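S.K.: Sequence:
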Amino acid sequence: MADEKKTRILITSALPYVNGPVHIGHLAGAYLPADIYARYQRLRGRETLFICGSDEHGVPILLRAREEGVEPQAIVDRYHLMVREAFEGFGMSFDHYGRTSAPLHHETSRDFFRKLAKTGVFVRKTEAQLYDPEAGMFLADRFVRGTCPACGHDDAYGDQCESCGRSLSPRELKNPRSAITDAVPEVRDTTHWYLPLGRMQSSLEAWLSGHEDWKPNVLGQVRSWLREGLEDRAVTRDLPWGVPVPEDVAAEASVDARGKVLYVWFDAPIGYISATREWAELRGEPEAWERWWKDGDSELVHFIGKDNIVFHCIIFPAMLQAHGDYVLPANVPANEFLNLEGRKLSTSRGWAVWLHEYLEAFPADYLRYALCTNLPETKDTDFTWRDFQARVNNELADTLGNFVNRTHSFALRAFGGKVPPLGKGGPEDRTLLEACAKTPARVGEAIEGFRFREALETAMALAREGNRYINEREPWKTRKEAPEVCASTLHAALQCAATLSVVLDPFLPASCRRLRAQLGLEGLRDSGPGGGLGSPSREGCFTWDDAAHPLLEAGAPLGDAGILFSKIANEEVEVQVAKLVEGGGEGREEDSGYVPLESPCAFEDFAKIDLRAGRVVSAVKVPKSRKLLRCEVDLGFEHRQILAGVAEHLAPKDLEGKRVVVVANLAPRKMMGLVSEGMLLMAEDREGRLAPVTTDLEPGSVVR
RNA sequence: GGCGGGGUAGCUCAGUUGGUGAGAGCGCAGGAUUCAUAACCCUGAGGUCGACGGUUCGAGUCCGUCCCCCGCUACCA
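Numbering-wise (this note's numbering), the first sequence opens with residue 9 and increments by one.
No lab work stands behind these hints: they were computed from the structure. Since the model is a prediction, treat every value here as computed from it, not as a measurement. It cannot be assumed that every hint is accurate.
What the hints assert, rightly or not - List of simulated lysine to aspartate or glutamate pairs, EDC-like, C-alpha gap at most 16 angstroms:
(1) K575 <-> D395
(2) K133 <-> E293
(3) K133 <-> D264
(4) K126 <-> E142
(5) K314 <-> E385
(6) K587 <-> E368
(7) K387 <-> E344
(8) K133 <-> D197
(9) K666 <-> E706
(10) K629 <-> D662
(11) K182 <-> E194
(12) K223 <-> D388
(13) K223 <-> E344
(14) K126 <-> E239
(15) K635 <-> D662
(16) K352 <-> D388
(17) K446 <-> D554
(18) K587 <-> E349
(19) K661 <-> E640
(20) K302 <-> D333
Sequences and hints are given; from them, build the entire structure.
M.R.: Have a look at this one:
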């Protein structure tokens, strides 16, 4: 239940990570529910602010920029724009949509960090790491190559030697070099700041104990983390892309701040705050943001997907608590995941419906409806195009659209385009009007409990009741026999349509606006951006609760007719399904689903690999492992034990007896306590299916 | 493997603190109707509530074990 004591409500949707476009899975998790909630709160008349923005830092964006040979800023500029426009087309009613590369975000994050540093919240740890003087940056372990101290192999990674399987630390390597520039790395000490979650645990637990009413999937995850005991987390990184660590803080700790940035999960949630500040500045009231973030009367609600629970329920609250000035989330109604046609969504495989592409084909409200009827509120759910079509045709068009259309067009014809009077009204009329009166509260109760499917179903039930009512009252008969009765019927039916235009507004904002125009109904508060903020025009408008009373006055003029929802033909969804199968590759345009080619490899490098034919003598699943099969392979001159990470795709019998191709000189590697002496070559198709690469020749044969 | 969330009618999903004959929408079958977007309305068929034990007068709802799906994590071809 909503806490009516709080006077204003601050709603956030997870910041999308802009290394690609947004798809329907994102919408179902963090965006559509948040938008419905925000629009509802505005219609209720509560002071409401809805905030989101692009998350633009972190390693994946840096790597993507390197791949494409452009600056990271170019990547995030591209997707920030694309994502923002797609959200707008979908009807997301953000009061502000910011971005974490904005100067104000950098300033806000740095101030936040500075405050925690100054008040002694952080601990610092210094460790020696390798530094690339040419690239001017510290090297992650896998970016260091060199000679293995144990076996002399000259191309070992910084974390492990592939030749002897030994785990290493980068500093143990002889003749180390940078994998980026080939420069000889220097050993330098690097210091990082840590958020000591361990010692913050009890205060977090105290806070969480006041939130036993959160969704079970959220509480379960959170309790599990607390039971395990929280560990300190580093909040800075040696990276060239991100929010720079404040120089003054670094100087005070006698640390060189150059090349150090805030870790992305530290700065990203602060994006909620900086976007609010940006909103306030644009409004010309730079201090206005503090009301939302620092006043105890403010209720903060984060909408996210289940993968984000720990950050929003533990780490960010810990940061806010440590800072001291901020309110903590009142609720974090995380959703589970949406599947697509029975398979999980995958950006890398292109198994997704991209929002910007969807919007080229169908109206936003159709998707809003279809997704909302099937939101993954308690468990993962499945989106299919066929179901989408059925929802739109059978429910939106046939049930809702047809109800308002038959009502409206009848009134236009029979009553000269004006709302007919209720007159005395019969018991049936009063029954329908009572159903209308109860609906806003019922729908609202479900929304406030974050049960959006139930809320939409409740509203749609009123449309069904309206259809039933008209069938029973048969106004086409009473029109001539008893005109006053006919007038009462149409009056009640029009009131019902008017109620629907309000209670469905959060779900179908564009369609409900059109519906109200058809009904000649004006003066509802704006559910869109700015509608939850104080403004002169807002006063005098009617609200959600007012929809419990008849909204139309007898004699008032009706607007023009029009079809609200048109049906989707089979061919239209077939096109979408076909697009899915073909486009199995990536969000990028010309990609057909094939994995992109690796960069060229010199022949000398290729020649180092010794490929042999081998016969799989036996294959058994490695106990307690999810992916590994332990194979005994006959190479003719010897038998090898090889671990293949294919158990999710292949059964042991798929390999046993097969003559396969083996990388015979691959450095041994330990996994699950077992040594793997080589690798079985596998081919993978665009659907992700695996099959061994086989040969007819005898074991030991050389493959070139 | 560890931790968390799920496995309920053909399909997609609801089922609060255990208690009248287990629900909705869609799909299907039959009927009624014609104001309306070949729409609407009524009726019906349909499930041993993942499997096996247990607690209880009584369990989809609580406990235990196992199987399958998803997320985080661990050792990711």
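S.K.: A separate judgement is required for each hint: does it hold in the structure or not?
M.R.: Now the hints, each set against the structure:
1. With a CA separation close to 13 angstroms, the supplied pair K575 and D395 stays within the 16 angstroms bound.
2. With a C-alpha separation of about 41 angstroms, the suggested pair K133 and E293 falls outside the 16 angstroms cut-off, and the hint is violated.
3. About 14 angstroms separates the Cα atoms of K133 and D264, which keeps this hinted pair within 16 angstroms; it holds.
4. Pair hint K126 plus E142 does not hold up; C-alpha atoms about 33 angstroms apart against a cutoff of 16 angstroms.
5. Pair hint K314 plus E385 holds up; C-alpha atoms about 10 angstroms apart against a cutoff of 16 angstroms.
6. Taken as a hint, the K587 and E368 pair is honoured in the structure, with Cα atoms around 13 angstroms apart against an allowance of 16 angstroms.
7. About 5 angstroms separates the Cα atoms of K387 and E344, which keeps this hinted pair within 16 angstroms; it holds.
8. The hinted pair formed by K133 and D197 meets the criterion: a straight-line CA distance of about 10 angstroms does not exceed 16 angstroms.
9. This hinted pair checks out: K666 and E706 have alpha carbons roughly 11 angstroms apart, not beyond 16 angstroms.
10. In summary, the hint linking K629 to D662 is supported, as the alpha carbons are separated by about 12 angstroms, within the 16 angstroms threshold.
11. Between K182 and E194, the direct Cα distance comes to roughly 12 angstroms. Compliance with the 16 angstroms bound is thereby established for this hinted pair.
12. Distance check on the hinted pair: K223 and D388 sit about 15 angstroms apart at the alpha-carbon level, within 16 angstroms; holds.
13. Between K223 and E344 the alpha-carbon distance is near 11 angstroms, which keeps this suggested pair within the 16 angstroms criterion.
14. Restraint check for K126 and E239: the C-alpha separation of about 22 angstroms exceeds 16 angstroms, so the hint is violated.
15. Between K635 and D662 the alpha-carbon distance is near 15 angstroms, which keeps this suggested pair within the 16 angstroms criterion.
16. With a CA separation close to 10 angstroms, the supplied pair K352 and D388 stays within the 16 angstroms bound.
17. Of the supplied pair hints, the one linking K446 and D554 holds, its CA atoms being roughly 11 angstroms apart against a limit of 16 angstroms.
18. Note on K587 and E349: the hinted pairing holds, with a Cα-Cα distance of about 13 angstroms set against a maximum of 16 angstroms.
19. Distance hint between K661 and E640 is fulfilled; the C-alpha atoms sit about 13 angstroms from each other, no more than 16 angstroms.
20. Distance restraint check for K302 and D333: the Cα-Cα separation of roughly 6 angstroms lies within the 16 angstroms cut-off, and the hinted pair is therefore satisfied.
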